[in-house]
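Participant: When you get a sec, could you build the whole thing from the sequences and use the hints?
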Amino acid sequence: MRTLDQAPLVELGDVEVTLNPSGLFDELRAQSWLVRSAFGGVVIGRAQVQALLADRRLRSPVTQFIEMQGVTDGLVHDRMCRTPLAIDGDDHTRVRNLVRGAFTPKAVDRHRPLMRAILEALVEAVAQQGRCEFMAAVSEHYPIQVMCHVLGVPVEDHEDFARWINAIAWSLSIELVAHREEAEWGMKELDDYTSGLIADRRAHPR
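Residue numbering for the sequence shown follows this note's numbering, starting at 9 and increasing by one per position.
No lab work stands behind these hints: they were computed from the structure. The structure presented is a predicted model; accordingly, all values stated were derived computationally and were not measured. Every residue, glycine too, gets a C-beta built ideally from N, C-alpha and C. One or more hints might be untrue.
[Unchecked claim] Distance windows between CB atoms, simulated:
| id | residue 1 | residue 2 | range |
| --- | --- | --- | --- |
| 1 | MET76 | GLY160 | 23 to 29 Å |
| 2 | ARG120 | LYS196 | 32 to 38 Å |
| 3 | VAL158 | GLU132 | 18 to 24 Å |
| 4 | HIS166 | VAL116 | 32 to 38 Å |
| 5 | ASN105 | LEU180 | 20 to 26 Å |
| 6 | GLY138 | GLY48 | 42 to 48 Å |
| 7 | VAL158 | LEU180 | 32 to 38 Å |
| 8 | ALA125 | GLU197 | 26 to 32 Å |
| 9 | VAL57 | GLU183 | 19 to 25 Å |
Facilitator: Have a look at this one:
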């Protein structure tokens, strides 16, 4: 392969890709470590991905990804373009250093009993039914519940928190334009909620 135009074409939004991405990309890797999409080249070779991640000349594509969809201003644009995923260089290092202590192996180990208990409860519910759709029964609940417990979100608010996070997730989707209002709603709701949670913690330290 000499140019991107010669690389296999992948429609990332197609149902076939969504339902079986691993199988599809396994087949494509046999042809090329690079494929093309409506958004440009997509590197799918493991060695090539690792090499690119280590190359400090590269920059995050989050801002370009959002703007390529026509979202060049507004809450979603302004918020997402300031996240650690979107910023580079010294700014990224500064933000990363502020939070890195919470993600060290030792810090994560403190939460393992909680993580195990949450997963066991979800699996037990599945076992009682005898079968499940794994994404709906387990995967959609586990990370949100862990996140909520770590942040101190009351159990009665977990479902609302999940709805807001899932809405915000559209910000990094190729279907952002169709779900922009939903993403903005999630951001506003989460802002209001976390402001109240922070105020309560300040008034009632734990």
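Participant: Hint by hint, note whether the structure agrees.
Facilitator: Hints versus structure:
1. Between MET76 and GLY160 the C-beta distance comes to about 37 Å, which lies outside the given range of 23 to 29 Å.
2. In this structure the supplied range 32 to 38 Å holds for ARG120 paired with LYS196, their Cβ-Cβ distance being about 34 Å.
3. As the Cβ distance of VAL158 to GLU132 is approximately 22 Å, the hint placing it in 18 to 24 Å holds.
4. For HIS166 and VAL116, the hinted distance range of 32 to 38 Å is not satisfied, since their beta carbons lie about 21 Å from each other.
5. As the Cβ distance of ASN105 to LEU180 is approximately 24 Å, the hint placing it in 20 to 26 Å holds.
6. Taking 42 to 48 Å as the suggested C-beta distance range, the pair GLY138 and GLY48 conforms, at roughly 45 Å.
7. The hinted range of 32 to 38 Å is not satisfied by VAL158 and LEU180, whose Cβ atoms lie roughly 22 Å apart.
8. For the hinted restraint 26 to 32 Å between ALA125 and GLU197, the CB-CB distance of approximately 28 Å keeps it satisfied.
9. Here the CB-CB span from VAL57 to GLU183 is close to 24 Å, well matched to the stated 19 to 25 Å.
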